[in-house]
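Visitor: These protein sequence lines are chains A and B, in that order.
Per my numbering, the very first residue in the first sequence carries number 1; after that it's consecutive.
Per my numbering, the very first residue in the second sequence carries number 1; after that it's consecutive.
Derived from the structure by calculation, the hints contain no laboratory data.
Where a beta carbon is used, it is the ideal one built from N, C-alpha and C, also for glycine.
Certain hints may be false.
[Stated by the list, open to error] Under the rule of at most 25 Å between Cα atoms (straight-line distance), these lysine-lysine pairs were calculated in the BS3-like manner:
no.	chain 1	residue 1	chain 2	residue 2
1	A	Lys159	B	Lys131
2	B	Lys136	A	Lys95
3	A	Lys53	A	Lys86
4	A	Lys157	B	Lys166
5	B	Lys136	B	Lys161
6	B	Lys345	A	Lys157
7	A	Lys159	B	Lys261
8	B	Lys166	A	Lys159
9	B	Lys161	A	Lys194
10	B	Lys85	A	Lys4
11	B	Lys136	A	Lys86
12	A	Lys197	B	Lys136
13	B	Lys261	A	Lys157
14	A	Lys194	B	Lys166
15	A	Lys86	B	Lys117
16	B	Lys266	A	Lys157
17	A	Lys86	A	Lys197
18	B	Lys136	A	Lys194
19	A	Lys159	B	Lys136
20	B	Lys166	B	Lys136
21	B	Lys166	B	Lys85
22	B	Lys130	A	Lys86
23	B	Lys378	A	Lys157
24	B	Lys354	A	Lys86
25	B	Lys378	A	Lys159
26	B	Lys111	A	Lys95
27	B	Lys166	A	Lys4
28	A	Lys197	B	Lys161
29	A	Lys159	B	Lys117
30	B	Lys85	B	Lys57
31	A	Lys86	B	Lys111
32	A	Lys4	A	Lys42
33	B	Lys3	A	Lys157
34	B	Lys57	B	Lys136
35	B	Lys117	A	Lys95
[To be verified] Derived contacts from chain A toward chain B, CB cut-off under 10 Å, selection only:
no.	residue
36	Leu20
37	Gly22
38	Asn23
39	Leu25
40	Glu27
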Amino acid sequence: MDSKFNIQSYTHIRNGTISLNGNTLFESETEDFSTFIKEAYKSQHIEYPKFFKMDNLSKLAFIAADIILRNTSNSEENIAIILSNKASSLDTDRKHQESISDTDNYYPSPSIFVYTLPNICIGEICIRHQLFSENSFFIFDNFNPDCLWVQTEHLLKTKKANKALCGWVDFDDSNYDAFLYLVEDHGTFNHSIKNIKELYLCK
Amino acid sequence: MHKIYLSHNAIISSLGFDSETVVENIKNEISGISRIEDEDLFQKPFYGSIINKTILKHKFNALKTKEDHTVLEQLMILSLNKVIKASNITINTSVGLIISTTKGNIDVLEKNSDFPKSYTYLSRLGTVLKKHFSFKTEPIVVSNACVSGVLAISIAKRLIKESVHKHVFIVSGDLVSKFVLSGFNSFQALSDSECKPYSKDRTGINLGEAIASVLVTSDTNYLTEESVELIGDATCNDANHISGPSRSGEGLFRCVNSAMKEAAIKPQDIDYLSAHGTATIFNDDMEAIAFNRLGLQNVPLNSLKGYFGHTLGSSGLVETIVGMHSLKLNTLFYSKGFTSLGVSKPLHIIEKTKQQPLAIFLKTASGFGGANTALLLKSITYKNVKKRT
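Same shape as in the complex, but just chain B (with noise of 0.2 Å):
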């Protein structure tokens, strides 16, 4: 049976515009987050991670397109042409594109947007890079709440899996905008310094845009230094309540113990754990619950929302990204804003950037909606793998 891997990939976020500026970036433990006045986003100052539009500018109109596209539809386009000319694959009917996002261009939405307000639907994403890359194959955009940039790589490997496709693309966006501000901040959910997961000072979320781009293949020709095999994956409901996490962490539990089993490991056998921790206090919580039950309380842990902020429908592929970095730099990166154990029970959370050899990670994510989904992917010795000649 076809193994499956991760390879080419690009970030764009507040901290650069490609994984390798990104991830030198966290490694000298510098964040993205910063204090933002902006009325047109939010009526008083906020803390998050926004990219640098004049930056972005600059680059798009290096692509010289000559199409009206909108922010996000820009960010989406840079980031997957950065990963495609990257791993030289011709597009074609065996190639299939993924997009992940929670809103995608919901800033259309407003009164003073010159876009059509038809920009909203989602499917409006594929259309634009379908045609801007010309894929044969239709695209599938993946919408479910904050998993869905974790759930889009189990996506692609059913799709591998299944012969649907020999290559998929998946590309992950959202933008922080007036509309998700507004949301968060009527669920008092928003903090008012930077983010602090899993301390006890934590005070909630800070949002953050990030678009993120990756390789889905099984050939093992086209593999990079920081390729991972995904081993095992699931997804599992909470079955409890539609924005509060679950007290036993039971969709978190029964994902990682399903990912686990298909991947034949135990919890000792995995050397870091990229976890959602959000800052919120009954996630954090949940999370260190689940993780106890699971036997990973040892397992050295960060969340990077401390860099990013919660890039919603793109953190979980922006945070598999950097661990795939992780593995190949055999680096643990600093869990960024943590002050002092805050949660009901022991993690062992990452307080200083340390090099350590690393084979596995786990990668899990929890969101609205009561999805969790968790990932585990191992890390693939580069120069045993048959190189392309």
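Bound conformation, chain A alone (with noise of 0.2 Å):
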């Protein structure tokens, strides 16, 4: 189906490489994904400090999300967030579940328990960016162009935001796939479900 909106510019994380528009920004030798999501955040010259608090799935969001909108005069703008995944927050939600099941060794603590909600990282975006706009977390087995294409559209014809930040950001025992795209008035790909279905699939 096509659509009057179109694709201004995607983003991948995955395999120790950040790519935007299909070309390779950064790339790391690394396995382990805190090593990777710090050298990536040096590599990017971005100042925020607030970043080393995240928790994985938020920290990859976050990295991703400043590659997109670092182009865009954000503040004010009005860019909805629609984000989904398979595993939502459950590698901090095992964290958190390991600090209980001792009642002899029982450290609970409000700085994991905050990341155990797959939306956090939406709250991490809107603060770096100061948008104040539409948020869904939606949570598929795949990677589901349709849910996301359908209410894209809705918010964008409706005029109920100018643009919209959407994709998958999944990270699950060590592994993790980033893939967001923004979508508005101009740009290069159509906003339909086969461009966002091959733009995911493609490196």
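Combine both chains into one complex, guided by the hints.
Guide: Dropping the structure here:
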């Protein structure tokens, strides 16, 4: 289905590589996510100390969003955020569970517990870019462009948002995969389900 | 353009296993919150609202389901079963399903759980319900903290407006688990007595469990007496803090404004405000600030947390359904637990259950991650709507 909206840019973070519109921005040899994402943060010259307090899912979503949104004059831009994944916040959920499973070694912490919700990463992006806009977080077994597409189309058509940052950010047991794309009036690719699917699968 | 209605509905909570019983209890100002001593849940007694699992077992067995299901799955099946049956809708490719939850089967993470750890993936709930009710479309799980239950209604509306579905069923649910109790306790957010939203002596939240279901449709052949039309909705982020509400109530202010703009109504057109009111110091004060900025300080307001506790991903839907019944009965329900106003701006808290003509209500919710959602709902005059022949 064709749309009057377009995909302005897209980014992938997977297999130790960050790319923007298909061009590699950063590569790392490390297999460890926390080392990789820290290196990525430095390589992109982001100055945001709060980054280091975030959980893995938020770090992943935050860097991906920064790469796309750094070129927009973001403040007061009405950019909806529609994200999805498979593992919700399970990576952090397991950490919280570990901290409460033994009564003799009981150490639940609010700074971990707060990240046991997948949409916290949307909150982190909104704070960073001062976005007071529409938010939704969906959970699917696999990447589901149809759902993202219809929600985005409606929000843009009804002018509840001027742009939409959409995609997939999944972190589960050291495996990670991020694909974000920005939809607006102008862009390189038509905002069609077919194009979203193809961009998700490409590098 | 299609009008969007909320119709057939069901609530399961400690106040009963159907909406009518739950609403009757609320009408009589009966709370579902009690002191709970259960070391499997929490190391010390706490105040909360827990569904009776013996009644659940009995009711679920009556469905004669062969598969082995978690408690949450059983509750969601029971609740949805009621609404699908009552609606008389045939499940085909034009019918969608949305599931709203924050933590799903999180109790399965516990060491002694009999279920595979894979059940903690939230998509499991979609798989279970799709199979049980033979849904022909892919279920959508929304997990957006404490606004999930209201946001699910906005998402259903978009699916119908964009002609993806004709009817959408929503089911919402979260349980009181060791996981959430320990987490909210680490935040020092749990109250050591029944919660007291907006009151001077409020000391925090009570957690509760509730499962709710509703039919969202644009087809007037499928309406009930308590059906309402969704006339405006919006979600806005505070862009301020991931766990603390904005001091100025920015996101809440913006989403209510946006919903009013869509509905083309003014603050004085709103007859009743079903607010979030968790009874934490900061949340309730943030709401008072936002509602004053919106000119809503004189609108009769309650928080239903004093009846259900905070039911997390279910709270928004449960409270919307109670609001629908409030309109049908033309009754404002007492804001249970309220003593004397303890927020920095004036609010019109409903201090006694009373009858009053009601046409439009505003439902709001706010949650971690900075999300705020507002829905504006208008009663339909049942007799004016075409009945199925």
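Visitor: All hints are to be evaluated individually against the structure, with a verdict given for each.
Guide: Taking the hints in turn, this is what the structure says about them:
no.: 1; hint: A:Lys159 / B:Lys131; in the structure: violated (37 Å)
no.: 2; hint: B:Lys136 / A:Lys95; in the structure: violated (36 Å)
no.: 3; hint: A:Lys53 / A:Lys86; in the structure: holds (23 Å)
no.: 4; hint: A:Lys157 / B:Lys166; in the structure: holds (20 Å)
no.: 5; hint: B:Lys136 / B:Lys161; in the structure: holds (19 Å)
no.: 6; hint: B:Lys345 / A:Lys157; in the structure: violated (37 Å)
no.: 7; hint: A:Lys159 / B:Lys261; in the structure: holds (12 Å)
no.: 8; hint: B:Lys166 / A:Lys159; in the structure: holds (23 Å)
no.: 9; hint: B:Lys161 / A:Lys194; in the structure: holds (22 Å)
no.: 10; hint: B:Lys85 / A:Lys4; in the structure: violated (40 Å)
no.: 11; hint: B:Lys136 / A:Lys86; in the structure: holds (21 Å)
no.: 12; hint: A:Lys197 / B:Lys136; in the structure: holds (22 Å)
no.: 13; hint: B:Lys261 / A:Lys157; in the structure: holds (16 Å)
no.: 14; hint: A:Lys194 / B:Lys166; in the structure: holds (24 Å)
no.: 15; hint: A:Lys86 / B:Lys117; in the structure: holds (14 Å)
no.: 16; hint: B:Lys266 / A:Lys157; in the structure: holds (24 Å)
no.: 17; hint: A:Lys86 / A:Lys197; in the structure: holds (16 Å)
no.: 18; hint: B:Lys136 / A:Lys194; in the structure: holds (22 Å)
no.: 19; hint: A:Lys159 / B:Lys136; in the structure: violated (31 Å)
no.: 20; hint: B:Lys166 / B:Lys136; in the structure: holds (13 Å)
no.: 21; hint: B:Lys166 / B:Lys85; in the structure: holds (17 Å)
no.: 22; hint: B:Lys130 / A:Lys86; in the structure: holds (17 Å)
no.: 23; hint: B:Lys378 / A:Lys157; in the structure: holds (24 Å)
no.: 24; hint: B:Lys354 / A:Lys86; in the structure: violated (46 Å)
no.: 25; hint: B:Lys378 / A:Lys159; in the structure: holds (23 Å)
no.: 26; hint: B:Lys111 / A:Lys95; in the structure: holds (13 Å)
no.: 27; hint: B:Lys166 / A:Lys4; in the structure: holds (24 Å)
no.: 28; hint: A:Lys197 / B:Lys161; in the structure: holds (23 Å)
no.: 29; hint: A:Lys159 / B:Lys117; in the structure: violated (42 Å)
no.: 30; hint: B:Lys85 / B:Lys57; in the structure: holds (20 Å)
no.: 31; hint: A:Lys86 / B:Lys111; in the structure: holds (23 Å)
no.: 32; hint: A:Lys4 / A:Lys42; in the structure: violated (37 Å)
no.: 33; hint: B:Lys3 / A:Lys157; in the structure: holds (17 Å)
no.: 34; hint: B:Lys57 / B:Lys136; in the structure: violated (28 Å)
no.: 35; hint: B:Lys117 / A:Lys95; in the structure: holds (14 Å)
no.: 36; hint: Leu20; in the structure: violated (24 Å)
no.: 37; hint: Gly22; in the structure: violated (29 Å)
no.: 38; hint: Asn23; in the structure: violated (30 Å)
no.: 39; hint: Leu25; in the structure: violated (26 Å)
no.: 40; hint: Glu27; in the structure: violated (30 Å)
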